[in-house]
Structures are given as structure tokens and as C-alpha cells.
Amino acid sequence: MKPYLREFVPTAFEDIPDATAYEAGYLVTKNAGWRNVRPVIDSKKCVGCLNCYLYCPDGVIYREGNKVAIDYDFCKGCGICRKICKPGAIEMEAEK
Amino acid sequence: MAVNAKNLNETEFFYGHKACAGCGGSLAVRIALKVLGENAVAVLPAGCMSAVGFNFPQLCFGNNAIISTFAGTASMLTGVEAGLRAQGITDFHAVGFAGDGGTADIGLQALSGAIDRNDDILYICYDNEAYMNTGIQKSSLTPFGARTTTTPAGKNIRGNLRPKKNMFEIVAAHGIPYAATASVGYLNDFMRKVEKAKSIKGTKYIHILAPCPTGWGVKTDETVDIAKEVVDCGLWYLAEYENGEFTLNHQPKEFSSVESYLRKQSRFKHLTAEDIEIITQSRDAKWEFIHKNFN
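One line per chain: the protein sequences are B and C, in this order. FYI, the numbering for the first sequence is 0 to 95, going by numbering that gives the first Met the number 0. FYI, the numbering for the second sequence is 0 to 294, going by numbering that gives the first Met the number 0.
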């Protein structure tokens, strides 16, 4: 579970919350456009140590079976995962 | 069993935020909330983490979170804790995340008051060594020699003239039940400390060094490496204070080079050999003190 992306289309005054915020975990914009490079995981080299998942400042790397996968909607391409990965399973590729 | 990457809560409580790529502060908040779980009630003063977490209509926190006044992190934590307790709610953790300015300068009075009352709260200071959110102004936790926009490096002065305030020992001097230092380069140590703080009644304080690529002048992928290196070269240390005693958690076998650590960051690039010698000597004096007074 994590905060998820939803459509933000308030049409009536009632759609605006009384408080200064919507409910917890209310996301309406992606961060994908911040990225010049994207991390790509080579699942053959991945040993499932989870260091990339632990050290990702945005928490976009999640567990999938014994390996990990990336939520590209919110990855900013900082490259910490590539550096922390001891087996070298993560490469940064230029965004086209 | 100690909390680690494998048994850590898989839920993300700080997600989709607008922090710069490679932000150390957001990593500290994310990991602390994962250890504390969904019943954490987070209080954030003005600072990076509130600026990047609450962007209406977005709310990047998956648990309860609120923005406090800049000076009032600890006093709002006191109120949150007392309010929930008055409603008969016991299963929660009131946790504050303030930056170095919001802790050591602006929020120090409120924090001191909360420790004095021994309110049952956890205060986490993510220390990126300047007021990064407003554009890198010096705080009292900015180290000697660092260039900021208010301590520029030029003909007359070479960056910050004053050493870093010793916040950990200031807090410990209150006789607080639990205080600790940490670094985002050593997350297993940090997670253990948050887990420990969770189980202690009374005021808890954790001071985590969280590099800021933007303000420190390092690449976005170097955050974790530089946070490790600052511990390895002895300019930061991992320690705890409990039952009136200091304990050192990590003793580097041999210090790595202070110069190599400083030269990687553009905020220190103007430093002369004499400046680096001053920094090295202050490190050695600090470690002499640590060896004398810490277990």
C-alpha cells in the first residue's frame, strides 16, 4: 500500500475539502518529468538484497517476488539505487 | 529481531513528494515513518519536508500529518500527544520532523520545554546543515568553512566562521530518556534507533545527518555515499545517550581523509590547506572527548 495517483477534477464547491488538505495520500501529479535518466533493473543480476528499496529517497522501488521493480511515475532518476547496488544490476539509461 | 530491509513495513507513508532528486531528508522521513507505522502522527514545521509534502491538492503523507509553526514543532507534538491521550487513544506515536534550523535555532526553546516536561514524543531532526528550503542560508548546525548564501566565500571570509552547534549533547544535557545521532548513510543503525525510541516512554530525540545535494554541491546519486563518508572520516559520529550515559555505536577503524570528504562538495571548494587543518584538528579534539566520555 502507498499513496496513489488519482484524477483531480473538482467540479463543484462541495468537491473542495473544508480542511486545508484532502485525505492522506492524495496524489494528483507525477514526478516522472523530472528525470533525464531512468534506472533499469537487470533481474538476472539482482540478488534481492533490497538495498535499493531501502535507500530510495522517494520509495519508488518496491518488492516484487524475490526481486524489485520501479514505479516510474514517481522516480526522479537520482541514481542512488545504481550506486548502492553491489551486484551492479541497475543501469541508468537516458530518457528519450 | 532487529528491523531491516527484509522485515520493514512495505507500506510507503511518504510518497510522491516534491523533494529534489537524491534528497537525504526525505529518505530519513520515509524510513522513520516505515518503522513507526501507520499510527504515527507526524508534525512538520516550516522547512523542506513540509514544503515538499503538502502541495494542495496533494498530500504526500499516508499517515496523519500536520504543519506546525516554525518554532513550535515540539509544542505541537506535546498538544497532539495530550489530545490523543485525552481521547483515550493509546496506540500512536507523535513524531516530529524538523530541519536543522527548525531544531537548533528556531525550535530550540519549544524542544527544551518538551524535554523538560518529559512529554511522550519522538523528535527527529534531519540535519542538512543549512536552511536549504529558503535557499541555503547558514544555520547554527552549518559546519565551519561551509559556503552558504549568508556566509559566502570571498576575499574577507571563507565561508562559515563558526563551528557546528553540538545539538546532541545539548539535548542530552537535559537528562532526556533517549537521544541518538544517526546518518542516512547508515540506515540500519537509524532504523534500530527509531525502533528503540518507539518503545521508550518520555521524550526521545534523534539527530540524523541528511545530505542535501542542492546545498552541499554534490551529485544527486552521492547523497548516501557522502553520508557514509562523513561518519567514516570522523566529522560525524553515531552515538546514543540513555540512562545518563553516552555510548558510541560505531568506531571507524581508521579515519578516511577529511580533505577527500570536503573536496567532493562545492560548498567547501574554496577551503585552503590551513582551513582543512583546522577542521582536522577539531575532529581530533572531538574524538578525544568522545573516547574520554563515551562508553
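If you're looking for bench data, these hints aren't it; they were derived computationally from the structure. All C-beta atoms in this analysis are idealised placements derived from N, C-alpha and C, irrespective of residue type, glycine included. Careful: at least some of the hints might be erroneous.
Unchecked claim - For lysine to aspartate or glutamate, the following EDC-like pairs were computed, each having C-alpha atoms within a straight-line distance of at most 16 Å:
| no. | chain 1 | residue 1 | chain 2 | residue 2 |
| --- | --- | --- | --- | --- |
| 1 | B | LYS66 | C | GLU37 |
| 2 | C | LYS17 | B | GLU90 |
| 3 | C | LYS5 | B | GLU63 |
| 4 | B | LYS1 | C | ASP274 |
Claimed, not checked - Here are the computed distance ranges between Cβ atoms for each label pair:
| no. | chain 1 | residue 1 | chain 2 | residue 2 | range |
| --- | --- | --- | --- | --- | --- |
| 5 | C | ARG116 | B | LYS66 | 27 to 37 Å |
| 6 | B | LYS85 | C | THR68 | 42 to 52 Å |
| 7 | C | SER259 | B | LYS66 | 47 to 57 Å |
| 8 | B | PRO16 | C | GLY153 | 46 to 56 Å |
| 9 | C | ARG84 | B | PRO16 | 43 to 53 Å |
| 10 | B | ASP17 | C | LYS252 | 37 to 47 Å |
| 11 | C | ASP90 | B | ASP41 | 19 to 29 Å |
| 12 | B | ASP17 | C | ASP115 | 20 to 30 Å |
| 13 | B | LEU4 | C | THR271 | 26 to 36 Å |
| 14 | C | ASP90 | B | LEU4 | 22 to 32 Å |
Comparing the hints with the structure gives:
no.: 1; hint: B/LYS66 <-> C/GLU37; in the structure: 25 Å, violated
no.: 2; hint: C/LYS17 <-> B/GLU90; in the structure: 24 Å, violated
no.: 3; hint: C/LYS5 <-> B/GLU63; in the structure: 12 Å, holds
no.: 4; hint: B/LYS1 <-> C/ASP274; in the structure: 46 Å, violated
no.: 5; hint: C/ARG116 <-> B/LYS66: 27 to 37 Å; in the structure: 48 Å, violated
no.: 6; hint: B/LYS85 <-> C/THR68: 42 to 52 Å; in the structure: 44 Å, holds
no.: 7; hint: C/SER259 <-> B/LYS66: 47 to 57 Å; in the structure: 35 Å, violated
no.: 8; hint: B/PRO16 <-> C/GLY153: 46 to 56 Å; in the structure: 49 Å, holds
no.: 9; hint: C/ARG84 <-> B/PRO16: 43 to 53 Å; in the structure: 27 Å, violated
no.: 10; hint: B/ASP17 <-> C/LYS252: 37 to 47 Å; in the structure: 58 Å, violated
no.: 11; hint: C/ASP90 <-> B/ASP41: 19 to 29 Å; in the structure: 42 Å, violated
no.: 12; hint: B/ASP17 <-> C/ASP115: 20 to 30 Å; in the structure: 36 Å, violated
no.: 13; hint: B/LEU4 <-> C/THR271: 26 to 36 Å; in the structure: 50 Å, violated
no.: 14; hint: C/ASP90 <-> B/LEU4: 22 to 32 Å; in the structure: 30 Å, holds
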